[in-house]
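Participant: Residue numbers (UniProt numbering), protein chains in the order written: chain S, 1 to 219; chain F, 1 to 250.
The reader is advised that the hints may include incorrect statements.
To be verified - In silico EDC-like pairs for lysine to aspartate or glutamate, Cα to Cα no more than 20 Å straight-line:
#, chain 1, residue 1, chain 2, residue 2
1, S, 68, F, 110
2, F, 40, F, 146
3, S, 218, F, 180
4, F, 125, F, 85
5, S, 218, F, 160
6, F, 125, S, 5
7, S, 68, S, 78
8, F, 109, F, 97
9, S, 101, F, 127
10, S, 218, S, 183
11, F, 40, F, 145
12, F, 125, S, 8
13, S, 83, S, 50
14, F, 40, F, 183
15, S, 68, F, 160
To be verified - Not everything, but these chain F residues come out facing chain S in the computed CB check (under 10 Å):
#, residue
16, 22
17, 23
18, 117
19, 126
20, 151
21, 158
What the hints assert, rightly or not - Across the chosen pairs, the derived CB separations fall in these ranges:
#, chain 1, residue 1, chain 2, residue 2, range
22, F, 142, S, 92, 34 to 40 Å
23, F, 144, S, 209, 26 to 32 Å
24, S, 82, F, 102, 28 to 34 Å
25, F, 142, S, 83, 29 to 35 Å
26, S, 82, F, 127, 40 to 46 Å
Just so you know, the hints here were simulated from the structure itself, not pulled from any lab data.
Just so it is clear, CB atoms sit at the ideal spot from N, CA and C, and this is done for glycine as well.
Now for the letters of each chain:
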Amino acid sequence: MARFDPYENNGGTCVAVAGADYCVVAADTRLSVGYSILSRRHSKIAHLADKCVLASSGFQGDIKALQKNLSAKELLYEHNHNKKMSCPAMAQLLSNTLYYKRFFPYYAFNVLGGLDSEGKGCVFTYDAVGSYERTGYSAQGTGATLMMPVLDKQLKSRSPLILPARDAVTPLSESDAVDLVKDVFASATERDIYTGDSLEIIVINSSGTRRDWIELRKD
Amino acid sequence: MDGSHANAASAPAAAGGGEGMQRTLNPYVTGNSVIAMKYKDGVIMACDTGASYGSTLRYKSVERIKAVGKHSLIGGSGEFSDFQEILRYLDELTLSDHMWDDGNSLGPKEIHAYLTRVMYNRRNKFDPLWNSLVLGGVKRGPKGDEKYLGMVNMIGTHFEENHIATGFGNHMAVPILRGEWREDLTFEEAVKLIEKCLLVLLYRDRSSINKFQIAKITTEGSTIYPPYALKTNWGFSAFENPSQGAVGTW
Numbered sequence: 001m002a003r004f005d006p007y008e009n010n011g012g013t014c015v016a017v018a019g020a021d022y023c024v025v026a027a028d029t030r031l032s033v034g035y036s037i038l039s040r041r042h043s044k045i046a047h048l049a050d051k052c053v054l055a056s057s058g059f060q061g062d063i064k065a066l067q068k069n070l071s072a073k074e075l076l077y078e079h080n081h082n083k084k085m086s087c088p089a090m091a092q093l094l095s096n097t098l099y100y101k102r103f104f105p106y107y108a109f110n111v112l113g114g115l116d117s118e119g120k121g122c123v124f125t126y127d128a129v130g131s132y133e134r135t136g137y138s139a140q141g142t143g144a145t146l147m148m149p150v151l152d153k154q155l156k157s158r159s160p161l162i163l164p165a166r167d168a169v170t171p172l173s174e175s176d177a178v179d180l181v182k183d184v185f186a187s188a189t190e191r192d193i194y195t196g197d198s199l200e201i202i203v204i205n206s207s208g209t210r211r212d213w214i215e216l217r218k219d
Numbered sequence: 001m002d003g004s005h006a007n008a009a010s011a012p013a014a015a016g017g018g019e020g021m022q023r024t025l026n027p028y029v030t031g032n033s034v035i036a037m038k039y040k041d042g043v044i045m046a047c048d049t050g051a052s053y054g055s056t057l058r059y060k061s062v063e064r065i066k067a068v069g070k071h072s073l074i075g076g077s078g079e080f081s082d083f084q085e086i087l088r089y090l091d092e093l094t095l096s097d098h099m100w101d102d103g104n105s106l107g108p109k110e111i112h113a114y115l116t117r118v119m120y121n122r123r124n125k126f127d128p129l130w131n132s133l134v135l136g137g138v139k140r141g142p143k144g145d146e147k148y149l150g151m152v153n154m155i156g157t158h159f160e161e162n163h164i165a166t167g168f169g170n171h172m173a174v175p176i177l178r179g180e181w182r183e184d185l186t187f188e189e190a191v192k193l194i195e196k197c198l199l200v201l202l203y204r205d206r207s208s209i210n211k212f213q214i215a216k217i218t219t220e221g222s223t224i225y226p227p228y229a230l231k232t233n234w235g236f237s238a239f240e241n242p243s244q245g246a247v248g249t250w
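Using the sequences and the hints, build the whole thing.
Facilitator: Structure (structure tokens):
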């Protein structure tokens, strides 16, 4: 008989790349369940604060609850501190929120991107229970294993001993980074059945937040 | 997932012996697919009127689409008693909204958000409402008449689309809708398209019955039409004498 499983994987991939003075956050818009596509244009991205954007893939019910939770806490922070939450502050909050449900986790694989308090791009990458790290770039979700090797080749410094540390932020220009993200999604879409339909790209820089949108393969 | 297994293991023990914890473990009386789509004047929704008890067709005249407030329709598939419970929740919600008497009324977007929270919350307590709900409606907003159509399932997965089908409809009706749906369908065209989907389900879904109800919602209000049957065609020559030409038949 039907046995109740509280989780399902609605698929999809999220990516973020940090630049010297910008951050690119992108996610596909396919919502799947099993071998079916529920929606081709469902956004996985939440704008939590001015310079702070969260992209999550995994179980959509948990993702929406998590994003609402963080939005509410951000609003309380604004009321208490009379300023919007910075990206590193949100990063810590997200980690704590995820660990809070360590024994019934949010099935959400998150990538947080934005500008830190100095205006430099920052990307934070998470697992489902809140362990996190600040990096120069990251991919999470069903297509992440297809994308990370490509991003590593393009963006990772050859050795951590080479100074200045290169993979903190990429020296690529904003448009080059956006092109790289588009390429890497087009590649993952070819082989990952859960990634495709269309790609939502958010670019955060000193002048604000810009939204771009391109089609991906729909098969 | 260790936490969830511990919960699941202890609950039957508790239900058997001491604490009397009750939760839905399996669905019993279940409703079939619900199909819905936006059309020019609003949203149209259809489903059959059957409710099965496992493989038995137990109830043949069940209304699985109901009006909610002035602006929405809800269609439910899955455990029928849980659907009735949801209708009770919605009654409470719309009643208290009405009693405020402040000129505001809950639109489909609000009802969908409310239902999503209810379903997700029950899933968190490991006592789900075993349904897939379709919420459609039209409400006058700042940008004119805004049509809305959304779905939420038993664990809280929810989304908005131009056309939705639950259960088997997801596999059989959605491909038809994705090919033939247009923004500006008239009511008659929408009915024809939805009947095409209902027919496919009737032929291919074992638990479907030939008694359907269509409902529509526009800014004027909701209408749930009386049940009717679709014309089916079984007159294929291969059906007339199925063993003709087969070797070794008797």
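Participant: Now look at each hint and say whether the structure bears it out.
Facilitator: Now the hints, each set against the structure:
1. A threshold of 20 Å between alpha carbons decides the hint, and for residue 68 of chain S with residue 110 of chain F the separation of about 15 Å falls inside it, so the pair holds.
2. A hinted pair counts as satisfied when its Cα atoms are at most 20 Å apart, and residue 40 of chain F with residue 146 of chain F qualifies at roughly 11 Å.
3. Using a Cα cut-off of 20 Å, the hinted pair residue 218 of chain S and residue 180 of chain F holds, with the two alpha carbons roughly 17 Å apart.
4. Annotation: proposed proximity of residue 125 of chain F to residue 85 of chain F holds, straight-line Cα distance about 16 Å (limit 20 Å).
5. Of the pairs offered as hints, the one joining residue 218 of chain S and residue 160 of chain F holds, with about 18 Å between alpha carbons and a cut-off of 20 Å not exceeded.
6. Taking the CA atoms of residue 125 of chain F and residue 5 of chain S, the gap is about 12 Å. The hint holds against a cut of 20 Å.
7. Proposed proximity of residue 68 of chain S and residue 78 of chain S is supported: the alpha carbons are some 15 Å apart, at most 20 Å.
8. A C-alpha spacing of about 15 Å is found between residue 109 of chain F and residue 97 of chain F, which places the hinted pair at or below 20 Å, so the restraint holds.
9. Annotation: proposed proximity of residue 101 of chain S to residue 127 of chain F holds, straight-line Cα distance about 18 Å (limit 20 Å).
10. Between the alpha carbons of residue 218 of chain S and residue 183 of chain S the distance comes to roughly 16 Å, so the proposed pair stays at or under 20 Å and holds.
11. A hinted pair counts as satisfied when its Cα atoms are at most 20 Å apart, and residue 40 of chain F with residue 145 of chain F qualifies at roughly 11 Å.
12. The straight-line distance between the Cα atoms of residue 125 of chain F and residue 8 of chain S is roughly 16 Å, inside the 20 Å bound, and the hint therefore holds.
13. Pair hint residue 83 of chain S plus residue 50 of chain S holds up; C-alpha atoms about 10 Å apart against a cutoff of 20 Å.
14. Of the supplied pair hints, the one linking residue 40 of chain F and residue 183 of chain F holds, its CA atoms being roughly 7 Å apart against a limit of 20 Å.
15. A C-alpha spacing of about 17 Å is found between residue 68 of chain S and residue 160 of chain F, which places the hinted pair at or below 20 Å, so the restraint holds.
16. With a least beta-carbon distance of about 14 Å to chain S, the hint placing residue 22 of chain F at the interface is violated under the 10 Å criterion.
17. Interface restraint check: residue 23 of chain F against chain S, minimum CB-CB distance 8 Å, threshold 10 Å, status holds.
18. Annotation: interface hint on residue 117 of chain F holds; nearest CB of chain S at approximately 9 Å, less than 10 Å.
19. The beta carbon of residue 126 of chain F comes within 7 Å of a beta carbon in chain S, closer than 10 Å, and the hint placing it at the interface holds.
20. At about 8 Å, the closest approach between the beta carbon of residue 151 of chain F and any beta carbon in chain S falls short of 10 Å, and the interface hint on this residue holds.
21. At a threshold of 10 Å, the smallest CB-CB gap from residue 158 of chain F to chain S is about 7 Å, leaving the interface hint in force.
22. Our hint of 34 to 40 Å for residue 142 of chain F and residue 92 of chain S holds, since their Cβ atoms are close to 38 Å apart.
23. Under the hint 26 to 32 Å, the C-beta atoms of residue 144 of chain F and residue 209 of chain S, about 27 Å apart, fit the expected range.
24. The supplied range of 28 to 34 Å is met by residue 82 of chain S and residue 102 of chain F, whose beta-carbon atoms lie about 32 Å from each other.
25. Taken as a hint, the range 29 to 35 Å holds for the pair residue 142 of chain F and residue 83 of chain S, whose Cβ atoms sit roughly 30 Å apart.
26. Evaluation of the 40 to 46 Å hint for residue 82 of chain S and residue 127 of chain F yields a pass: the beta carbon distance comes to about 42 Å.
Hint check: a violation occurs at hint 16 only; the rest are consistent with the structure.
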